[in-house]
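A.B. asks: Spelled out from the first residue to the last, the chains are:
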Amino acid sequence: MAEAHPVGFQWVVEAKKRGATVIHVDPRYTRTSALADIHVPMRAGSDIAFLGALVNHVLSNELWFRDYVLAYTNASFLVREDFGDTEDLDGLFSGFDPEKRTYQTETWQYAGIDVGADEHGEEEKTTKYEQKGTGHQFGSGGAALDPGDAIRDLTLQHPRCIINVLKRHFARYTPEMVEEVCGVPADLFTKVADALTSNSGPDRTGAFVYSVGWTQHSVGVQYIRTAAILQLLLGNMGRPGGGIMAMRGHASIQGSTDIPTLYNLLPGYLPMPHALEHSTLQEYLHLNTPRGGFYGSMPAYLVSLLKAYWGEHAKPSNDFCFDYLPRLTGDHSSYPTVMAQIDGKCKGYFLLGENPAVGHANSKMQRLGLSNLDWLVIRDFSLIESATWWKDGPEIETGECRTEDIGTEVFFLPAAAHTEKAGSFTNTQRLLQWRHQAVEPQGDQRSDLWFIWHLGRLIRDKLAARQPDLGDASLDRPVLDLTWDSPTQGRYDDPDPEAVLREVNGWDAEGKAISGYTDLKDDGSTTCGCWIYCGVYADEVNQAARRKPGGEQDWVASQWGWAWPMNRRILYNRASADPEGRPWSQRKALVWWDETESKWTGGDVPDFAADKNPHYEPPPGAKAADAIGGADPFVMQTDGKGWLYVPSGLTDGPMPTHYEPHESPFRNSLYPQQSNPARQVFSRADNLSNPSPGESGNSDVFPFVVTTYRLTEHHTAGGMSRWLPYLAELQPAMFCEVSPELAQHRGLTHLGWATVVTARAAIEARVLVTERLAPLRVGGRVVHQVGLPYHFGPNGYVTGDAANELLGLALDPNVHIQESKVSSCDIRPGRRPRGPGLLRLVDDYRRRAGVTITTGDTAVTAPKADTTEATST
Amino acid sequence: MTTTSDVAARAGWDEHPPRMGFFTDTSVCIGCKACEVACKEWNGVPDDGYDLLGLSYDNTGSLSANTWRHVAFIEQSKPFGPQTTGIDEAPTGDRDEVRWLMSSDVCKHCTEAGCLDVCPTGALFRTEFGTVVVQQDICNGCGYCIPACPFGVIDRRESDGKAWKCTLCYDRIGEDQTPACAKACPTESIQYGPLDELRERAQGRLDQLVEAGHADAQLYLEDSADGVGGAGAFFLLLDKPEAYGLPPDPVVPTRDVRAMWRHAAAAAGVFAGLGVAAFVGRRR
Amino acid sequence: MSGAHAAGPGGDRRGRSGGGRRRRGEQMMVPKAEFSSYYGRPIIKKPVWSELDIGGYLFTGGIAAGSAVIGAGADLTGRPELRHVARLSSLAALGVSGAALVHDLGVPARFHHMLRVAKPTSPMSVGTWILTAFGLPTGIAGAAELPGLVPPFLRGLVGALGRPAGIASALVAPGVATYTAVLLADTSVPSWHEAWPELPFVFAGSALSGSAGLALALAPCEESKPVRRLAVLGAALELAASQRIEHRLGLLGEPYKEGSAGSKMRLAKKLTLAGAVTAAALGRRSRVAAVASGAALFAASALTRFAIFEAGVASTEDPKYVVVPQRERLQRRTSVTPS
Ligand SMILES: Nc1nc2c(c(=O)[nH]1)N[C@H]1C(S)=C(S)[C@@H](COP(=O)(O)OP(=O)(O)OC[C@H]3O[C@@H](n4cnc5c(=O)[nH]c(N)nc54)[C@H](O)[C@@H]3O)O[C@H]1N2
Ligand SMILES: Nc1nc2c(c(=O)[nH]1)N[C@H]1C(S)=C(S)[C@@H](COP(=O)(O)OP(=O)(O)OC[C@H]3O[C@@H](n4cnc5c(=O)[nH]c(N)nc54)[C@H](O)[C@@H]3O)O[C@H]1N2
Ligand code: SF4
Ligand code: SF4
Ligand code: SF4
Ligand code: SF4
Ligand code: SF4
Ligand SMILES: [Mo]
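Protein chains in written order, with this note's numbering: chain A, 1 to 873; chain B, 1 to 284; chain C, 1 to 339.
So here's chain A without its partners, still in its complex pose (with noise of 0.2 Å):
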């Protein structure tokens, strides 16, 4: 955290010095290391193994918080009869469909909820948000689950109570475990989890932090679900102090993740249409409105925002245009989209921030993605690889491409940086803080908002040209009603970017800006941009510019800037008191409820209906929030519980559970299952993969695990400082880390050259020599790691080989996101060869790997795995 977010880690600092206990989990000793308490170097890729001990470590200590467990989790619901778990299974669950890669999850359901009791019941929503493989669609709100009548035993003493089928799935998840598959001693696991059960209770609080050391795994979604269950059974949800907080990447990823550039969501976690299952706004709404929770008003969420859409255009009488919105035909996602590129599939490209040449996994595929299209725009500051790739790029040195050859046509478009326009930035934490401008961009640079707009109202004006008489009938008619009206200002009639985010708060029937999502309407009456960020124009004022210093307001500082939802600063706050409505503790104080007043009331704005009386019972057939208890904190989830055991929503099983990375030198010492079977790979000739023990091929050829990260002093794929000369020089060179017991191991000298080896590709790199990485025991034996940072490219004031050569495509099932931070490899002394030569001496290592298409692509690799059930039903 203090590498890439040393602003935010100033606040761990301040932790410290206030007495916290700081522990850092991480294969190297980093600069966070460095200040931490603890310091806990692991086997990249083992992390579920490390925190599927301490889960079992609190389970069978009875170390858990009861009274919160019991109110305000799913432990108490039972489990489906047919339920198979990895324990009965050798690592899968029940239901795996070994022909599609995936699960059929209706085994995984609460008992008591009958399935086929409606036409659109369990079955058909799960299968067919499978078909999409978009867990991430869930976002903020869990799955459309109907908890209906679930069976619950309030004793907790039912075998197929949650909390027991936990027990049972984390039993062999032991100390003597974490040695084996983390190569963590056992005796610092024990002094881990004590440091984290001591600092959890009625009076103290432990958080967790990650960002993408958990995520970029082929069981990236599952990290983080190992994690909740944790905080959850420690009661650390919802309360100040606790939680688990995603460190976000760019400067407003989260942002861009709330009104997003995900092509499987509408603004708000809305899911977005399926060409098959979505023909109309009906059909939408029933499959995806759960009968509780928030979302349960996703009619007025959806309608309001067709109406921001399509303005006086979207009428009840035409599903308020719910038709112009498109369609999604399956996963289109990043990578499948690169594929289509090299498939020729897919034609053109906007890259409006981004330097997949370097940045994005298998580097080499999207470079040869972006060789086979038809035009390519790309806006940026500089000329990054992905804008020159074609003349120079690493193809074109070894001979594999010629520029004559390419025939994508290349627009260059400046881009104006932050400094040089104002809007908005959401922060980790949810925060929206408003940014003005600085100085007026330079030359031809512009904005984003202002290409985007100007683009838009060029191609209306076009499409208006064309074909007048159509009218309604006109294909185009979707982008010809969009209201396109943002007011302009400045020299180059750039929009308003203010008047964006009233838009994006949205207005009731007088115009007037709304206050909270709570006042959304379905009738139409209501325009709404994002549901989750009604409330950021609250009283017609800009709330995200809003700067109190922390010194002249309350604790919780909720003058500074603005939170979404409704300027909340901790979500599921409602968890901060207990099930009667009082603080768990003094010293953790956060909402309670106050009988006299008979409301909520609190340091934060209550996550919560304010006057919700905590013993509110929902009557049967309650809708939406009504149908959330006085006592359900999890207002976002259909049942108001934390889920300690995931009924539906994910794709690769209810449960976290330790498989090896897809390319792992180890033996999964959990399960005879090797990998997630659920996890995407993509066998194909320019995407191979090292092969893992246990299958074809000879993987002692890759016998190191390589892990790439960040540097403090650059940023991602380089665009934003290897052409700053300031934050070049401090770190002046693609290097890569290693042991000094590797270094000896393979005859690397500090400072000298190396080349690491995958089946995709070879790179050199400068040496650096450090104490700071160890090599582990683990599987009875030593295992070393390299680390590389992944910021270098041939392009800039300092450049070298983009650690993405050597990645290859492996995928979380949920998100989608590649597996960047583990894999094998091999070190060598000395430069990679140049031209051709580096062809021969990755074929070379292909060869004597025995690496094929299919090396990597098994699916299922345990013999007890019981599939049938999956094809019988």
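These are computed hints drawn from the structure, not numbers from a lab.
No false leads were slipped in.
Here are the simulated DSSO-like cross-link-like pairs (lysine-lysine), alpha carbons at most 30 Å apart as the crow flies:
hint : chain 1 : residue 1 : chain 2 : residue 2
1    : A       : 17        : A       : 588
2    : A       : 191       : A       : 167
3    : A       : 315       : A       : 521
4    : C       : 270       : C       : 257
5    : C       : 46        : C       : 270
6    : C       : 270       : C       : 225
7    : B       : 183       : A       : 548
8    : A       : 391       : A       : 345
9    : C       : 46        : C       : 269
10   : A       : 191       : B       : 78
11   : A       : 17        : A       : 548
12   : A       : 16        : B       : 183
13   : A       : 345       : A       : 462
14   : A       : 167       : A       : 588
15   : B       : 240       : C       : 46
16   : A       : 191       : A       : 16
17   : B       : 240       : A       : 17
18   : B       : 78        : A       : 17
19   : A       : 347       : A       : 100
20   : B       : 240       : A       : 16
21   : A       : 521       : A       : 623
22   : B       : 183       : A       : 17
23   : A       : 548       : A       : 599
24   : A       : 315       : A       : 623
25   : B       : 78        : A       : 16
26   : A       : 599       : A       : 521
27   : A       : 191       : A       : 17
Using the hints, position chains B and C with the ligands against chain A.
C.D. replies: Same frame as chain A, but now just chains B and C with the ligands:
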């Protein structure tokens, strides 16, 4: 040795603000180098070249005419106070714990400043804040200040032949602005303020750390009885100064200047004496 | 070396000071202290001065001073040939010295900024004023030796001022000869600073022997008796003082004995000794011997200055010369008064 007498007054400022300075608490430095960059941005200091020095994560090396804040990275096989790390349990037998010390160095704005004392043009002067600043319109690049500094801070810039170093953001503090480096520091490792307050705070922090088990923690240049009369920029270090590239017992060279002149006078006398002696007495 | 350049970026590099030749007697003076440093990098900056400029400036300054004294002496004791060469040598040397100084400035055009202030703590400032005071009379005295070059209407005046000017310049000369020693000593360069008590005497001696050598080589034997004496006296002073530096300074004496500074120093001593002896023994009878010994002394004086310059620079390049003595000083202090 002089104590921290009122340096500004000594320099002829009768009306002047309190002496301002830095307390750099290296125990919370995360080596983000924001200070280095902020300094260059604000002061328009040129880059220092793109060489990989490989001194851990330090590719700057030292303070210079083109680097007025320098962050040192020190990897040691010692425990970091009470910290536990699994590194020493590596299956290779001979591994100790590691610790990674980071520290942002800067001009010390000495009470007794060698650079200032020896400057023959008066380009170096003592500001009303008690800081030491080069007047670029006066410096003639004689280079005398450079070997005079006991810390190797000030240096001559190739491109313009003049001496450059930290100005303690004279232009900012004059406007009640925090110096750029301190402003950018996320962890308050660099603390700017009236020297007296900083010294109190530093003592408290030191006690904290020693209590927490940082045996080698020590204040550096905070003692007005040391060889430079204490400094306007002092430090809390977690190891011996020399481990950070700092002199363990710096002394301003001009401390002995009177004696030096006396010896020179004596030598001059001998010189004259011998000259006379050579000529008196018999011809041929 | 402190061993800092071993592989691996470990910051706390331990090195051993001393090393070098282990002759008896020397051993005790070279403390074998364990010391740590930051990757063995220098702690203080090495002077940016160019050796040729500043070494040359020190040397020629000394020659100018010594020659001024010789010129005045010769004038007062009626040795016209000797006076002639001495006054001209003084002027020429001063010219070179000043030129070298200005040439070494980062901004030569701003030389005159030196005259903005007068600071006793700044030997360079003091020196600038001394040189200014020295320059005018030396110039006049020199001009008096070259009437051909002086405009006719001034010849009378210059001729009349020759003697007083020569005497004036001789009176300032001692300062010129010795302030440069303070100039070096008044820095944080370990081997210069620690040598502050002796350096002025080395410089005084070297100035005398060097200038005497020059005069010896240029002036006729029958007039050169005083400069032969001066050569011997100067040489003795220089040798004694520099010997003392090398022994008293212990670890910091090392740079004067090692590397190119060391060999220059040794050669300088040999030449000084040889020059002085030859001058005393044969300088009176043989012109050849006089020229040879004079040249030797002159060269020796130059070598001494360059050696001292280099020794100082060398002492800035290895942190041990900063760390070890300062550590010892600290230990002494704390052992006396435990705090
Ligand atoms: N200076 C700087 N700051 C940045 C960025 C930048 O490029 N430069 N990028 C921004 C962006 S886009 C993002 S997404 C964030 C990312 O922020 P981070 O996630 O902090 O960035 P990384 O360095 O990629 O990964 C963090 C750590 O994960 C460790 N790691 C690798 N594999 C594993 C594993 O299997 N388990 C565990 N526990 N740790 C592992 C690595 O050693 C690394 O130290 O940073 C943002 N901030
Ligand atoms: N091996 C490996 N690969 C990784 C990762 C890893 O940890 N390891 N991390 C992954 C992660 S988390 C991320 S986020 C990606 C990042 O990968 P990319 O997003 O492809 O790389 P960036 O360098 O962040 O690209 C941002 C570009 O936008 C430009 N830019 C900045 N501001 C603006 C603007 O206002 N407008 C426009 N038009 N352009 C702008 C910058 O100059 C820069 O070139 O890398 C991923 N790839
Ligand atoms: S770069 Fe910006 S967002 Fe990232 S840590 Fe620094 S200040 Fe925060
Ligand atoms: S540290 Fe050096 S440059 Fe800074 S004031 Fe002291 S002597 Fe001068
Ligand atoms: S270089 Fe400039 S600042 Fe330094 S002493 Fe000479 S004149 Fe003064
Ligand atoms: S005070 Fe100003 S000049 Fe000095 S280091 Fe900090 S930023 Fe640079
Ligand atoms: S900014 Fe602060 S934390 Fe960062 S390197 Fe400088 S002193 Fe250390
Ligand atoms: Mo990211």
